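S.K.: In case you want the letters, here they are:
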Amino acid sequence: MKLEQRKDLLGIRDMSREELELILDTAIPMKDIIKRDVKKVPALRGKAMVTVFYENSTRTRTSFEIAGKYLSADTVNLAVATSSVQKGESLRDTIKTIEVMGFDLMVIRHAMTGTAHYVARNTNMRVINAGDGTNEHPTQALLDMYSIREKKGTLEGLKVAIVGDILHSRVARSNIYGLSKFGCEIRVAGPSTLMPPEIEKLGVKSYYSLDQALDGVDVINVLRIQKERQQSGLFPSLDEYANLYMLSPDRLLRAKDDVLVLHPGPMNRGVEISSQVADGVQSVINEQVTNGVAVRMALLFLMMGGSRDEITN
Amino acid sequence: MELQEKKVLMDEVAIKRAITRIAHEIIERNKGVEKVALIGIRRRGGPLAVRLAERIEEIEGIKVPVGILDITLYRDDLTTLASQPQVHRTEVFFNINDMNIVLVDDVMYTGRTIRAAMDALIDLGRPRTIQLAVLVDRGHRELPVKADFIGKNVPTSKTEVISVLVKEIDGREEVIIQEIIDQ
Chain A
1 MKLEQRKDLL GIRDMSREEL ELILDTAIPM KDIIKRDVKK VPALRGKAMV
51 TVFYENSTRT RTSFEIAGKY LSADTVNLAV ATSSVQKGES LRDTIKTIEV
101 MGFDLMVIRH AMTGTAHYVA RNTNMRVINA GDGTNEHPTQ ALLDMYSIRE
151 KKGTLEGLKV AIVGDILHSR VARSNIYGLS KFGCEIRVAG PSTLMPPEIE
201 KLGVKSYYSL DQALDGVDVI NVLRIQKERQ QSGLFPSLDE YANLYMLSPD
251 RLLRAKDDVL VLHPGPMNRG VEISSQVADG VQSVINEQVT NGVAVRMALL
301 FLMMGGSRDE ITN
Chain B
314 MELQEKKVLM DEVAIKRAIT RIAHEIIERN KGVEKVALIG IRRRGGPLAV
364 RLAERIEEIE GIKVPVGILD ITLYRDDLTT LASQPQVHRT EVFFNINDMN
414 IVLVDDVMYT GRTIRAAMDA LIDLGRPRTI QLAVLVDRGH RELPVKADFI
464 GKNVPTSKTE VISVLVKEID GREEVIIQEI IDQ
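In order, the protein sequences belong to chains A and B. Under this note's numbering, residue 313 is the last one in the first sequence; the count climbs by one each step, no gaps. Under this note's numbering, residue 496 is the last one in the second sequence; the count climbs by one each step, no gaps.
Derived from the structure by calculation, the hints contain no laboratory data. All of these numbers come straight from a predicted model, not from anything done at the bench. We put the beta carbon where it would ideally sit given N, CA and C, even for glycine. It is possible that part of the hints are untrue.
To be verified - In silico DSS-like links for lysine-lysine, alpha-carbon gap of 30 Å or less:
1) A/Lys152 - A/Lys96
2) A/Lys201 - A/Lys40
3) B/Lys480 - B/Lys376
4) B/Lys320 - B/Lys348
5) B/Lys344 - B/Lys320
6) B/Lys348 - A/Lys35
7) A/Lys39 - A/Lys7
8) B/Lys319 - B/Lys329
9) B/Lys465 - B/Lys320
10) A/Lys2 - A/Lys31
11) A/Lys201 - A/Lys69
12) A/Lys201 - A/Lys227
13) B/Lys348 - A/Lys39
14) B/Lys376 - A/Lys35
15) A/Lys31 - B/Lys465
16) B/Lys319 - A/Lys40
17) A/Lys2 - A/Lys96
18) B/Lys348 - A/Lys40
19) B/Lys459 - A/Lys39
20) B/Lys376 - B/Lys344
21) A/Lys7 - A/Lys159
To be verified - On the chain A side, residues computed to face chain B include the following (Cβ under 8 Å):
22) Pro29
23) Asp32
24) Ile34
25) Val41
26) Pro42
27) Ala43
28) Gln212
29) Val289
30) Phe301
31) Leu302
32) Gly305
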């Protein structure tokens with residue numbers, strides 16, 4: 001399917017390599033705009049979008065909002081914590097209310113897997129999934145892929161290690177779906193209690209030893225330990241986790257010399273990543289945030305412009 | 314939409330002569346090229362701007378800055394197109410403030426491209442003047458704009474298509490007129 005025929009962006013899983021490439025290519029000129037003195041183009045003038053986050057966020061929500069503004073769309077954030085959601089309004093009624101205000105696009109994050117899909121089926125607005133439970137976080141994967149491609153020149157054939165809480169990570173899943181379409185060799189590493197059973201069916205290799213997983217890799221994507229999603233007893237303590245799985249300068253030596261270190265943020269320094277690595281020369285963690293704005297601009301432009309006659313889903 | 318080639322309006326030699334004349338006109342109008350820069354509008358304005366700069370250098374011995382402008386995000390028809398056109402980079406790596414900027418395009422038609430280009434340019438800075446050079450002016454203006462430097466005026470009907478072909482993109486150097494034979 002072609003990107004412009006999609007009503008919604010719900011996950012990387014069912015997207016083609018060509019669609020992903022179009023988004024990544026379009027993000028290059030978008031990044032130039034962010035670096036200009038006049039950070040605004042009129043492309044989405046007259047369009048309106050709303051961000052609805054049922055889970056906390058600094059980067060993703062702000063990034064969508066400023067991406068829309070740089071393209072001249074009107075952007076509004078529904079502050080869920082102070083909204084009628086707290087009076088018990090159902091998700092469906094909230095969506096309908098927003099829709100009839102004339103919004104063209106909604107960005108939604110929710111703790112429940114499949115929420116974005118449910119919303120997409122129940123509205124004429126375009127819907128972008130900004131994270132649904134442990135399922136997918138497609139724009140994070142896009143910005144990770146952009147960051148890697150920008151530094152390495154290509155994604156083709158790279159060895160990528162994804163480290164940490166694979167079980168709860170929508171970032172990991174979206175990255176696996178995306179990177180595998182570009183022929184990357186993907187390794188996942190973490191404690192056995194945080195490794196989903198049958199993860200290797202996604203075409204990745206799983207490791208319980210971080211040192212083995214990092215051997216000769218081009219990219220390390222360090223995941224956040226999601227304290228909000230931990231049931232008790234998945235690992236004994238944060239200290240023990242850090243001992244075994246924290247990315248430290250020593251462990252980094254196992255990877256290639258020009259390895260890139262990514263982290264979706266927010267970081268737990270001293271738990272999954274040491275400060276030295278987070279702030280070190282291999283880290284592109286801050287650049288990822290800038291790239292996140294660029295890929296979201298690309299996505300909003302590609303999805304929100306145009307007439308809607310040819311949309312099929 | 315199928316196109317039938319009707320005739321060649323300009324061959325390689327004619328294009329070269331037109332570029333040479335426009336180069337002289339730019340130099341004359343600006344009394345030299347001290348503060349002149351050329352910015353081509355993607356796609357075929359790019360190679361034409363490079364050619365104009367080469368000719369100006371031959372005449373004046375001065376290299377003028379050359380850039381490329383992508384106007385996609387400034388088009389006024391984005392909401393009516395079925396799918397979004399591909400966005401490319403704008404490559405203007407010099408300061409345009411207080412410069413005399415000559416926009417370069419292949420064909421001037423409705424004037425909408427030029428309107429978009431002027432908006433795009435002004436977002437990059439505040440040029441002293443904006444001038445416009447086109448290889449072919451085919452008429453049918455829909456906005457109140459006109460070119461300062463014109464290679465060739467060609468009266469056309471709206472069912473005709475003017476194509477400027479350049480070596481860098483098309484492998485040959487020609488201006489051709491085509492007719493739309495079915496819709």
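S.K.: Quick one: which hint numbers does this structure break? Sort them smallest to largest.
M.R.: 1, 2, 4, 5, 11, 15, 16, 21, 24, 28 and 29
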